[in-house]
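**Q** Once you've looked at the hints, dock chain S against the given chain H.
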Amino acid sequence: MGTSKGQIALRCANIHRYLGQGEGRVHVLKGVSFEAQRGQVYAIVGPSGCGKSTLLYLLGLLDRQDDGDIWINDRLMSNSSDADRTAARGEHIGFVFQFHFLMQEFTALENVMMPMRKLGRLLPEAMEARARHLLGEVGLGEKPHRLGTQLSGGEQQRVAIARALANEPAIILADEPTGNLDVKNSTMVFDLLTRLAKENGQAVILVTHNPEIAGRCDSVRPMRDGLFV
Amino acid sequence: MSPNLRIAFRFLTAKKRAMLMSLSCIVLGVGLFVVTQATTSGFEQFFIRTILGTNGAIRIEDKIQYTIRSMSADGYGSDYEIRTKEGRKYIEGIEEPKLVIDAVKRFPNVAGVSEVLHGAVIMRSAFKNESVRVYGINIDDHLKVSDIERQIIRGQIDDFRGTPSGSLVGLEMARRMQLEVGESYQLEVGGQLRRYRVSAIYETGVSDIDRVRVYLNMGEARSLLRKPTGASFIQVGLINKDRAVADAAHMTEVLHHLSKSWQEREKTWLEVFRALRISSAITVSVFTLIAGLAMFNTLAMIVMEKTKEIAILRSMGYTREDISRIFLWQATIVLTIGTVLGWILGATITYAVSKTPISIRGIFAADTFIVAWSIWHYVAATLTAVVMVMLASLVPARRAARLEPGDVIRGTAQ
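Chains as they are written, first to last, in this note's numbering: chain H, 1 to 229; chain S, 1001 to 1414.
Take the hints with a grain of salt, since some may be wrong.
Below are the DSBU-like pairs computed for lysine-lysine, each with C-alpha atoms no more than 35 Å apart in a straight line [what the hints assert, rightly or not]:
hint, chain 1, residue 1, chain 2, residue 2
1, H, K143, S, K1144
2, S, K1308, S, K1016
3, S, K1016, S, K1144
4, S, K1105, S, K1267
5, S, K1267, S, K1241
6, S, K1128, S, K1098
7, H, K198, H, K143
8, S, K1098, H, K143
9, S, K1105, S, K1241
10, H, K143, S, K1016
11, H, K30, S, K1105
12, S, K1308, H, K184
13, S, K1015, S, K1063
14, S, K1267, S, K1098
15, S, K1105, H, K198
16, S, K1015, S, K1105
17, S, K1267, S, K1355
18, S, K1089, S, K1267
If you want a taste of the chain S side facing chain H, the calculated C-beta under 10 Å gives, among others [unchecked claim]:
hint, residue
19, R1006
20, F1009
21, R1010
22, T1013
23, A1120
24, I1122
25, L1293
26, E1309
27, A1311
28, L1313
29, R1314
30, R1320
31, G1406
32, V1408
33, R1410
Label pairs and their in silico Cβ distance ranges [what the hints assert, rightly or not]:
hint, chain 1, residue 1, chain 2, residue 2, range
34, H, F228, S, E1404, 21 to 31 Å
35, H, E125, S, L1005, 41 to 51 Å
36, S, E1404, H, E125, 13 to 23 Å
37, H, G201, S, S1002, 26 to 36 Å
38, S, N1297, H, F228, 43 to 53 Å
39, S, R1402, H, N200, 52 to 62 Å
40, S, L1020, H, A13, 48 to 58 Å
If you're looking for bench data, these hints aren't it; they were derived computationally from the structure. Yeah, the Cβ is synthetic: ideal placement off N, Cα and C, and Gly gets one too.
Excised from the complex, chain H in its bound form (with noise of 0.2 Å):
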């Protein structure tokens, strides 16, 4: 491989993953290895159940591995501790998932602030400036102060695009981002999260079931039973 290692954002090498208990335990992941360099957009794809999801939550350090190795920024993480692996999370890596999962007692400002506040990296003012800068990067610039449940899905999506980006993180990692969009939506959804993550030099790893959403992204892998095929 040709790329420079400070180019690589995360790397991960015989992945293994087993869930479920007893005769119910299923071998999802069987050795996935997979790397993502900065300002490149990677879509993971596949049928149901193949693991897309499975391998992004442990790209995401949301799930332990049973057998592999990941690294974030070189750093190898794999074996560390909770509170490394929920540190990395905050510093290093945005999650936008099909849900949005936005905290619904809170405005799209507050929710953007919210990473921000825990990172601590910027005063509070400065944090309120970039939040309003991302809602304006995202559309969202005329409604900061709306609580989640006056948001329509694909608002509250972009105000998930926005939070994900907010401590300026070298990986974007996306569950479906697109999934309970309309079509309309979900282009603008996607346009914005690769031409943010583009301009800010971030990988972004997306798994999707739309094959114009992964046709428009620097690479596919598609995945079968546990493996890239």
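**A** For chain S alone, coordinates are given in the frame of chain H:
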């Protein structure tokens, strides 16, 4: 404001009704705890003030005479030894009161000393005859060890001081004998009959005292009872009443006279008050217990309903401790508001109760509910609420912290 506290505030609003239930229970628990402690302590303290004001902090009475404890033929541990059960005997009264008083006055905590001579007599009035007890006192000494001046409800203490045949009569006795200030009655003892005048009528509220005790000047009492020397007991007033037990023990040892503190003399009543205070505290703590259960229930519900929010917070870099703190903050917010409102409720009810008319006679005299204002009632109520609510909140808070974000998101996404 910390991010965790900010999130806790917003989560609280998600379960307004359930939180209001927990809040109400905390308010009631803290408020009623304060009220019950204020009233039981109030009556207890008033009872203590009454007994100190009538019988003093320490009473020195019988003389102790040490007897042979054991005999042995060849020193301690000898094979031939006779042991007796009691190593002392008591001789009623005080033979040399002046010597004892001089010795008592050297105790640093002593505020006043009064010798008292008492004896049983028959009181005769135009209406009826009654058995009563005469208490001979030197009024100026006795004023230092009692509240007799404050207890006088009719007549003047100066009239008693300046009149050898003057007397202080209890209210209940005056009613039974139909006596008023300035009227005369007779006391009979040992065949002699003497006439006395009612200088003043007092009320201690203690029926055993108000019904039978008549105070005479010491000289007159000695003459009537034919006891030119000695005293029945010595009443001691203390600067710090709470040191009475230690001081009484010390006096017994030094003076060789049995000295009883007010705590020892009134042990039964004091135990009753203590039991009442504890039982009422336990009873009202049920409200706080319900508050704890309600809080547990509410937080457990929030944990169940907010699993995806918890997962998203974890994905954003919030630690397990942060999640736990978010739920403990919710309990703390409700607890803080509930406690402050409980204090206000407790203080308001306590004030209202203190103005409620009620006539109590028997062990003390009170015309309204007696309450005690003490910061410690509020501290105790707060501690009870803190322990119960925070303990109840720990379980759901820990459960929330243990949630695995991957499991939650995987389950929700499918």
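**Q** Work down the list of hints and note, for each, if the structure agrees.
**A** Consistency of the hints with the structure:
Note on K143 (chain H) and K1144 (chain S): the hinted pairing is violated, with a Cα-Cα distance of about 80 Å set against a maximum of 35 Å. Between K1308 (chain S) and K1016 (chain S) the alpha-carbon distance is near 20 Å, which keeps this suggested pair within the 35 Å criterion. The straight-line distance between the Cα atoms of K1016 (chain S) and K1144 (chain S) is roughly 60 Å, outside the 35 Å bound, and the hint therefore fails. For the given pair, K1105 (chain S) sits about 26 Å from K1267 (chain S) by alpha-carbon distance, which is consistent with the 35 Å threshold.
For the hint linking K1267 (chain S) to K1241 (chain S), the alpha-carbon distance of about 15 Å falls within 35 Å, and the restraint holds. Of the supplied pair hints, the one linking K1128 (chain S) and K1098 (chain S) is violated, its CA atoms being roughly 38 Å apart against a limit of 35 Å. Restraint check for K198 (chain H) and K143 (chain H): the C-alpha separation of about 25 Å stays at or below 35 Å, so the hint holds. Distance hint between K1098 (chain S) and K143 (chain H) is unfulfilled; the C-alpha atoms sit about 94 Å from each other, more than 35 Å.
The suggested pairing of K1105 (chain S) with K1241 (chain S) holds, with an alpha-carbon distance near 16 Å, which does not exceed 35 Å. At roughly 26 Å between alpha-carbon atoms, K143 (chain H) and K1016 (chain S) fall within 35 Å of each other, so this suggested pair holds. For the proposed pair K30 (chain H) and K1105 (chain S), the alpha carbon gap of about 95 Å is over 35 Å, so the pair is violated. Proximity of K1308 (chain S) to K184 (chain H) is assessed by CA-CA distance (about 27 Å); at most 35 Å being required, the pair is judged to hold.
Between K1015 (chain S) and K1063 (chain S) the CA atoms are separated by roughly 72 Å; this puts the pair beyond 35 Å, and the hint is violated. Proposed proximity of K1267 (chain S) and K1098 (chain S) is supported: the alpha carbons are some 29 Å apart, at most 35 Å. Under the criterion of a C-alpha separation no larger than 35 Å, the hint pairing K1105 (chain S) with K198 (chain H) is inconsistent with the structure, at around 95 Å. The hinted pair formed by K1015 (chain S) and K1105 (chain S) fails the criterion: a straight-line CA distance of about 67 Å is larger than 35 Å.
A C-alpha spacing of about 29 Å is found between K1267 (chain S) and K1355 (chain S), which places the hinted pair at or below 35 Å, so the restraint holds. At most 35 Å may separate the alpha-carbon atoms for a hinted pair to count; K1089 (chain S) and K1267 (chain S) meet this at roughly 23 Å. Because the smallest distance between the Cβ of R1006 (chain S) and any Cβ of chain H comes to about 8 Å, under 10 Å, the interface hint for this residue holds. The closest approach between the C-beta of F1009 (chain S) and any C-beta of chain H is roughly 9 Å, which is under the 10 Å cut-off, so the hint is satisfied.
Of the supplied interface hints, the one on R1010 (chain S) holds, with its beta-carbon coming within about 4 Å of a beta-carbon of chain H, less than 10 Å. Annotation: T1013 (chain S) was flagged as interfacial toward chain H, and the flag holds, the nearest CB pair being 6 Å apart, inside 10 Å. The beta carbon of A1120 (chain S) comes no nearer than 81 Å to any beta carbon in chain H, farther than 10 Å, and the hint placing it at the interface is violated. This hint is violated: I1122 (chain S) has a C-beta 85 Å from the nearest C-beta of chain H, more than the 10 Å allowed.
A distance limit of 10 Å between C-beta atoms decides the matter here; for L1293 (chain S) the minimum to chain H is near 25 Å, and the interface restraint is violated. With a least beta-carbon distance of about 6 Å to chain H, the hint placing E1309 (chain S) at the interface is held under the 10 Å criterion. At its closest, the beta carbon of A1311 (chain S) sits 8 Å from a beta carbon of chain H; the interface hint therefore holds under the 10 Å criterion. With a cut of 10 Å, the hint placing L1313 (chain S) at the interface with chain H holds, because the nearest CB-to-CB distance is about 8 Å.
For R1314 (chain S), the shortest C-beta to C-beta distance to chain H is roughly 7 Å, which falls under 10 Å, so the interface hint holds. Taken as an interface hint, R1320 (chain S) checks out: its beta carbon lies about 7 Å from the nearest beta carbon of chain H, inside 10 Å. Satisfaction of the interface hint for G1406 (chain S) is found here, the shortest Cβ-Cβ separation to chain H being roughly 3 Å, below the 10 Å cut-off. Annotation: interface hint on V1408 (chain S) holds; nearest CB of chain H at approximately 9 Å, less than 10 Å.
Interface hint at R1410 (chain S): satisfied, since its Cβ lies 7 Å from the closest Cβ of chain H, which is below the 10 Å cut-off. The hinted range of 21 to 31 Å is satisfied by F228 (chain H) and E1404 (chain S), whose Cβ atoms lie roughly 26 Å apart. Judged by the Cβ atoms, the range 41 to 51 Å given for E125 (chain H) and L1005 (chain S) is violated: they are separated by roughly 19 Å. Between E1404 (chain S) and E125 (chain H) the beta carbon distance is about 36 Å. The supplied range of 13 to 23 Å is therefore violated.
Distance hint check: the CB atoms of G201 (chain H) and S1002 (chain S) are about 32 Å apart, consistent with the given range 26 to 36 Å. For N1297 (chain S) and F228 (chain H), the hinted distance range of 43 to 53 Å is satisfied, since their beta carbons lie about 48 Å from each other. Taking 52 to 62 Å as the suggested C-beta distance range, the pair R1402 (chain S) and N200 (chain H) does not conform, at roughly 35 Å. Judged by the Cβ atoms, the range 48 to 58 Å given for L1020 (chain S) and A13 (chain H) holds: they are separated by roughly 54 Å.
Violated hints, in rising order: 1, 3, 6, 8, 11, 13, 15, 16, 23, 24, 25, 35, 36 and 39; the structure is consistent with all others.
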